[in-house]
Amino acid sequence: MSKKVEHLDKVTIRFAGDSGDGMQLVGTQFSNTAGTVGNSVNTFPDYPSEIRAPEGTLYGVSAYQIHFGSKKVNTIGDKIDVLVCMNASSLKVNLPNVREKGIIIANTAGFGEKNLKLAKYETNPLDNGSLSKYQLIKINMSEMMKQELADLGISPKAVERTKNIFALGFVYWLFNRPLDLTEKWLKEKFANKPQILEANLRALRAGYNYGATRQEMIVQYNVHHADLPKGTYRNITGNEACAIGLVAAATKAKLPLFLGSYPITPATEILHFISGYKQFGVKVLQAEDEIAGICSAIGASYGGYLAATTTSGPGLSLKVEALGLAVILELPLVVIDVQRAGPSTGLPTKPEQSDLNIAYYGRHGEAPIPIVAASGAADCFAMTIEAARIALKYMTPVILLSDGYMAQGTEPWRIPDMNELPDLTVNFATDPETFKPYRRDPSTLARMWAVPGTPNLEHRIGGLEKEDITGLVSHDPLNHQKMVELRQKKIDGIANDIPLAEVEGEQSGDLLVVAWGSVYGPVKTAFDELREQGHKISYTHLKYIRPFPKNLGDILSRFERIVVPEMNMGQLADLLQSKFLRPVLRINKIQGMPFKAKEIEIKLLELLNNKGDK
Amino acid sequence: MSKKVEHLDKVTIRFAGDSGDGMQLVGTQFSNTAGTVGNSVNTFPDYPSEIRAPEGTLYGVSAYQIHFGSKKVNTIGDKIDVLVCMNASSLKVNLPNVREKGIIIANTAGFGEKNLKLAKYETNPLDNGSLSKYQLIKINMSEMMKQELADLGISPKAVERTKNIFALGFVYWLFNRPLDLTEKWLKEKFANKPQILEANLRALRAGYNYGATRQEMIVQYNVHHADLPKGTYRNITGNEACAIGLVAAATKAKLPLFLGSYPITPATEILHFISGYKQFGVKVLQAEDEIAGICSAIGASYGGYLAATTTSGPGLSLKVEALGLAVILELPLVVIDVQRAGPSTGLPTKPEQSDLNIAYYGRHGEAPIPIVAASGAADCFAMTIEAARIALKYMTPVILLSDGYMAQGTEPWRIPDMNELPDLTVNFATDPETFKPYRRDPSTLARMWAVPGTPNLEHRIGGLEKEDITGLVSHDPLNHQKMVELRQKKIDGIANDIPLAEVEGEQSGDLLVVAWGSVYGPVKTAFDELREQGHKISYTHLKYIRPFPKNLGDILSRFERIVVPEMNMGQLADLLQSKFLRPVLRINKIQGMPFKAKEIEIKLLELLNNKGDK
Amino acid sequence: MTTMLQDIVVKRNVPTNQYTPKDFKVDIDVRWCAGCGGYSILSQVQRIMPELGIPREKIVFVSGIGCSSRFPYYVNVYGFHSIHGRALAVASGLKIARPDLSVWIATGDGDCMSIGGNHFIHACRRNVDINVLMFNNEVYSLTKGQYSPTSQPGQKTKTSPFGVVDDPFNPASLALGAGATFVARGYDRDPKMLQYLFERAAAHKGISFVEIYANCVIFNDGAFDKYTEKEYRDDTTVWLEDGKPLIFGKNRDKGIILDGFTPVVVSFEDGNYSPNDVIVHNEKDSTLAFILANMTYNPNVPRPIGVFQSIEKPSYEEKVENQIEEVTKKLGEGDINHLMCGEDFWTID
Amino acid sequence: MTTMLQDIVVKRNVPTNQYTPKDFKVDIDVRWCAGCGGYSILSQVQRIMPELGIPREKIVFVSGIGCSSRFPYYVNVYGFHSIHGRALAVASGLKIARPDLSVWIATGDGDCMSIGGNHFIHACRRNVDINVLMFNNEVYSLTKGQYSPTSQPGQKTKTSPFGVVDDPFNPASLALGAGATFVARGYDRDPKMLQYLFERAAAHKGISFVEIYANCVIFNDGAFDKYTEKEYRDDTTVWLEDGKPLIFGKNRDKGIILDGFTPVVVSFEDGNYSPNDVIVHNEKDSTLAFILANMTYNPNVPRPIGVFQSIEKPSYEEKVENQIEEVTKKLGEGDINHLMCGEDFWTID
Ligand SMILES: Cc1ncc(C[n+]2csc(CCOP(=O)(O)OP(=O)(O)O)c2C)c(N)n1
Ligand SMILES: Cc1ncc(C[n+]2csc(CCOP(=O)(O)OP(=O)(O)O)c2C)c(N)n1
Ligand code: SF4
Ligand code: SF4
Ligand SMILES: [Mg+2]
Ligand SMILES: [Mg+2]
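Protein chains in written order, with my numbering: chain E, 116 to 729; chain L, 116 to 729; chain A, 41 to 389; chain D, 41 to 389.
In short, the hints are calculated from the structure, not lab data.
The structure presented is a predicted model; accordingly, all values stated were derived computationally and were not measured.
For glycine and all other residues, C-beta sits at the position ideal for the given N, C-alpha and C.
Heads up, some of the hints might be wrong.
[Claimed, not checked] One side only, chain D facing chain E, incomplete, derived with CB under 8 Å:
1. 44
2. 45
3. 96
4. 97
5. 98
6. 126
7. 133
8. 137
9. 158
10. 159
11. 353
[To be verified] Here are the simulated PhoX-like pairs of lysine-lysine, each with C-alpha atoms no more than 20 Å apart in a straight line:
12. A/196 / D/196
13. L/304 / D/196
14. L/551 / A/65
15. E/551 / D/65
16. A/359 / D/196
Using the sequences and the accompanying hints, generate a full structural model.
Structure follows, in structure tokens:
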């Protein structure tokens, strides 16, 4: 195939096929390879909500989208540049998102009569001219692999299963990407199945060679490597980053790690990963429910562990009572909530940012808990460390908010050296002379931590109001007021121990965008675009929500208008209004889908053009 | 005894003694009698938190306070005018609250050596002159009763037990109150124990006659009957008012009543009362936990009942997940939360107003729930009816906030005629032609309610996002946004169906007090006092918190300063700031005790005197 | 005119031939994986529904969350897909409120025995008249393969990559220990058996618990093959039949006797034992039910399938109604005005 | 210098004569009602603690909420008064994290079997090495007298003014059904018996469940008199002793035999039966344990008191540690840098 090379900053590829077609696998391979050659990468797997939907159906389409570029990419890409579709349904579902002139690579074997019917196509779109706006590359991948592997004598089913690797090989050719990473990976995966290994290696090269030898002309996109900071990188999902973050935090704290958890989409993978870390001495209890998950973690924390519990919305709802207990006990605890679309079961596989309210306000009584929020997959690592740091230093539960989008999408992560991470060493009380269960460190207001097993520090804690210093049960009215205020003051004081908020763009002026969580990607992209267009606009992204950075009020006061884009009905916006008494404009999307950068750009542009419209 | 009669508008009596001394009983009798003769009455029982603390101890003192008057009394009284104390500890504990020149009626038999020691008195306060600032009446009640009942041949223990009735009789004499109500009550209570009845009747009269025949002079307070609106009255606690309110609401809705609940202080009595209403066909499930309590109620609601669940803070925390389910199911449900002091177990027997946040914000996802708040014991009835009305009309869970103070204190309640109550009749769907599970009434946005058993309306509901109108499971992004907005709009729309907020005092000006819940009593008292002193000040009491009354924003905008007194750290204040962007001043007390009217008066006076201090 | 709840509670008469299984099918795609054990359970439920003589509108399926809990969407009766673990709590409220309804639960081993364990044991204790169909696939499937409280020691799943260390519940023992009156076990591969068990469950007044081995082809494929596949099952299971001796084996040449209290397999071949020596099943004997239930994980004896226990006790909702009746008889029907006034009221005019 | 957790986990040696019961008393008033059954339980715990040979700082009492759950305040060891129903969940986390500790639970019939039921059955299933002392007073006392899941049918309480309609749990059966390895019952009125049972519980590895009839003088006074008072108990209860026949009666003239699987009382007086005919207790026999547990509410037989079952199984926290050890042996000790880098990383420089 002759190719016309076009240089691009960023490209979006989407591998789409049936649930059983292995699209997640090839997507992951491509994104790892892209990372390895120095591109900035952002990915997102898009599963159907059924475990295994019937073959070929529209709702059974599984896809993996990769956005990579020579500049920092912050989203999974609004529009698809290259769509690989293994069957008719995967074309149908994804076509609306392919940009004009984009490349469509279709496996013609997936466009048989049955496929067309299931996809509700009357005629074959590959043949009826309806795709003339695109560059269509038709390949009968199944047939090609049949020929390629005829001599191997493996089952037809096994042959058919290699077609995804063929497609991957072809795409590698198209972008001139090396095969070695995937070859290495295949060799490890199929170490014990030499025939299958051979079949897959052949498929990879067949796809690659097919490109090189094909006759038609095609425009190929070339993407230079990005100008990323020096260092060692890997692609990582938010969930894996949280899991590794917990182990790293425990290492830095010189404490063993305990995770008490109950499976729930989209947080379960954190539990999966950590269940595989036994060699780190990690103890995991897959509990009978979310309540036991958090309570067992509280028990382990009492025993001197770095303890954590992981969940999503419905699980967080169940943990509410025990969170209040952790507050009054003043024990360290990391609570990771991977938000999904609610209310109730809602759209369980879809992301949303609608647990901020419950994280902030969702306890009976006055029970303040610090909240931090990761801004993307890679940032989940850093914020897990921060959550652990605050929990241990201030003797408090801390809620880390992630969401289903960053939890399952990947980003390249610059792997920090362990020495770069903060020291989290704790100071257990051991001296009976000075020990009082609720004596506080005057600077942090954290109470003393004495764990069972320490001679002569026997004491009793619990959910009843505590007397200041002694920790005895107290019904004294003034003591109650004092303790409520102390607990509040301790949390408020953390503001002195977190980074100040930063403003990108003008430091004062007309319009400030404030955001939190995974909307970072689309907002940052839109913001950069608008700045490039010469607009005066500013951006503050919040990773600390309770307490807010000390300078946030000051920042807000320097702008005439504030706007918060959120995947909810305005929870951060309401909070800012309550705390800072500034009217806050809102851009809300609550569709179980992340914002597109373009959507945000358009909304911000509208605001920029309608200055009067306050 | 000769008495000098002094006319007073309001008097506060406190009966105090050991847990076993029957103080609750005589308190209740006195307050019923006061009500019957036409006084305005407000009472509060004050138990120790131990079930039965050791006899004579300071922490074992049990008391019952009654504030009654010829004007509307709204609190239990800041200072005690008459203290009845059955032993030394009950004097010790309550003396700080007796006003100067107040009457102390002491049972000298309770001031023996052992009693004094337990009360940590070095010398007998009845004899050492330390009570010279008060009018002290010393009576050896135990001895008097021994003599009085010598001929009856009942056990010394039984004799001793009549001393509280003696004290009651004496207080009746002091206030010239009739004995007949208590006599009637004794006759019913001891119908089967003629000797005990006789003993108690004698005790009552002995106490009364003792007053009439005693030699010393004493100032007696006379209290005219109050100018209450015409009607039939009774004293009622908030918990009983809620219980009766639920039965009345079911009657007006022509629906059977179901209560699914789990015991918890201070809400348990609602469950107690309703468990006694079997003859009303009420079905009660004392569930295995709070989650089963609410879930069983949701099940009953699905079956066409007026369903309710009752709880306090820790229980509300546990109901959070199921509340979200009720939101997406759009089924009617009344949730009564009797607030107590948190966080966690906190001060379980003490009132607080710190569950507003969790009621308002405490669910994962976007899950708005209407909130109403009773302002006092008697108002619990009206607000229970309102909660049921909103739940049934709008097909939604509704949270009614009460608190431990109004729940256990009494107020006289003008018993409404059933015809005065709103018609709550519901319209079950029955027509297969028009039925769609999520078809809405265009005016209320309530969905149709079809209960199992209705032929040809078989349909399925659940916690997954629903398709508009059909109610089928839908993962469609735009449908999700639409449904989230519809659910919000439905709740917001209730603002058109609730009374406007009212302003007492100036309709605009400098300082507006906004309050909610049981702080009504002390705020109203302080407010009236300040108005009488000629101050310009205004007051709005909120009984509807979600949505707020439509005119609230307008009201707030008419005042320069807004202040919210609350038994929490400022939860309503924060909410007002968030919704109306007005800075809100705060008066917070979080001591497990209601405000005193005087405390509020002083704080408000400070504000009135420091106008500049915004 | 408004319809009152009383009107709806009244029972319609249904001629027994009114329905066919098709009447219980719903016009949407069943979205389980091809080969999922759920399909067979669904078919058998749809097949027996017409036999129950209950009007369709009087039947309700309640579920929690899980693959199994999608069930209510697929049966054309009233359906309630609640939240994880709470099906029995919801259904208890519904059944107590509405004893006229036939209330069924579709639940999974996770939904019922993990997060829902408390509601399960309390429903057993109370004996609410609900039919519980627990799809036991020994794994959490909807969340893509974690171990469950019925997973087997050593089982590798996403959360037990090195093998499960937990011991599993024995569902029948748990139900019996909690006081369930009807306890049975069946499996997806035998439609007739399931139909029989479902009919028995429906006929039983009080709680009926049916554990169903349901193959999950994706996350725990073949977990029950040893007990459900033709080539093994005659030798690896024993069918419990009331009044019948516990005989099993392809040639029905083996039986179960008690050695002390320990069940032991004996063969009739060598003439030492005859069918007369073996335990005779008695559904009314609670102790026997325990002995049989405890055979479940005992590798030396076949796994019992069928009805472990079926004993009569008044159902909870019935007792609730009876108490209301008695109290009403004694105190007279409640008078709301009297309730509002209480004993001590006064009038101001 | 900072103290590391490892330093604390290390066990101190305690000479067995180091402690007296006084060392386990706390210098605050015990705030139970005079006559409460809790006092006896407290004393017996304090009495056996010195015998355990465990350093005081290694002992932890965890509780939920209830009168009984105030217990930890009264013992001079580490104490954790958690929230209602969650003691076993907290304690499970603690014990799994810290197998070096001796973990005890003080709980009530409501705390343990009502709201805490799920954690209870799962702790039994997992066999976590925790000693559970359940104060059964058949009522919710702290909340002033509502019925509990062990209240008796017809019992009048504040929430059952017309009598309880629920059937109660049989705690021993529930524990056995859930898989508990050590199950026992005792009562407040017999200090020696309690000491014995507590020592047995402490010695047992894995979960130990001790149900203790505890009189609540305020809300359910005398509920157990029939079984605990000198004048009745010899005839109304039977003491379970391993290897000993089930003989009871003031004159030890009655015994228990099995008729089929049904326990029946026989008298030795008329010569038809002798002590040799009666059931011999065997703590290792799970089936027998069920038969005995099921006698609890059977009015025709005495109520069993003592150890129903005590069988050996590895404890959960031990299995967790073993798996960690095995995996570590196989994969080598975890390397955090390796974990962070994963398999596919690249370097930009
Ligand atoms: C409160 C809550 N916790 C966790 C989940 C996640 N979740 C959904 S189904 C499930 C387990 C399902 O297992 P099982 O009941 O055995 O059903 P199966 O899918 O195996 O049929 C879990 C953990 C949830 N939806 N809600
Ligand atoms: C979440 C929650 N629900 C309810 C309560 C109220 N509550 C406290 S103790 C208790 C029952 C106690 O009964 P039991 O465990 O038998 O203890 P007892 O007082 O009888 O010893 C209840 C319902 C609570 N504290 N927390
Ligand atoms: S994942 Fe398993 S249980 Fe779920 S539908 Fe598929 S086969 Fe059935
Ligand atoms: S109420 Fe009962 S259980 Fe509670 S302390 Fe008193 S006697 Fe003991
Ligand atoms: Mg399962
Ligand atoms: Mg109890």
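Structure-based check of all given hints:
no.: 1; hint: 44; in the structure: 6 Å, holds
no.: 2; hint: 45; in the structure: 5 Å, holds
no.: 3; hint: 96; in the structure: 6 Å, holds
no.: 4; hint: 97; in the structure: 5 Å, holds
no.: 5; hint: 98; in the structure: 6 Å, holds
no.: 6; hint: 126; in the structure: 5 Å, holds
no.: 7; hint: 133; in the structure: 3 Å, holds
no.: 8; hint: 137; in the structure: 4 Å, holds
no.: 9; hint: 158; in the structure: 6 Å, holds
no.: 10; hint: 159; in the structure: 6 Å, holds
no.: 11; hint: 353; in the structure: 18 Å, violated
no.: 12; hint: A/196 / D/196; in the structure: 51 Å, violated
no.: 13; hint: L/304 / D/196; in the structure: 18 Å, holds
no.: 14; hint: L/551 / A/65; in the structure: 19 Å, holds
no.: 15; hint: E/551 / D/65; in the structure: 19 Å, holds
no.: 16; hint: A/359 / D/196; in the structure: 15 Å, holds
In summary, the structure is inconsistent with hints 11, 12 from the numbered list given earlier, while agreeing with the others.
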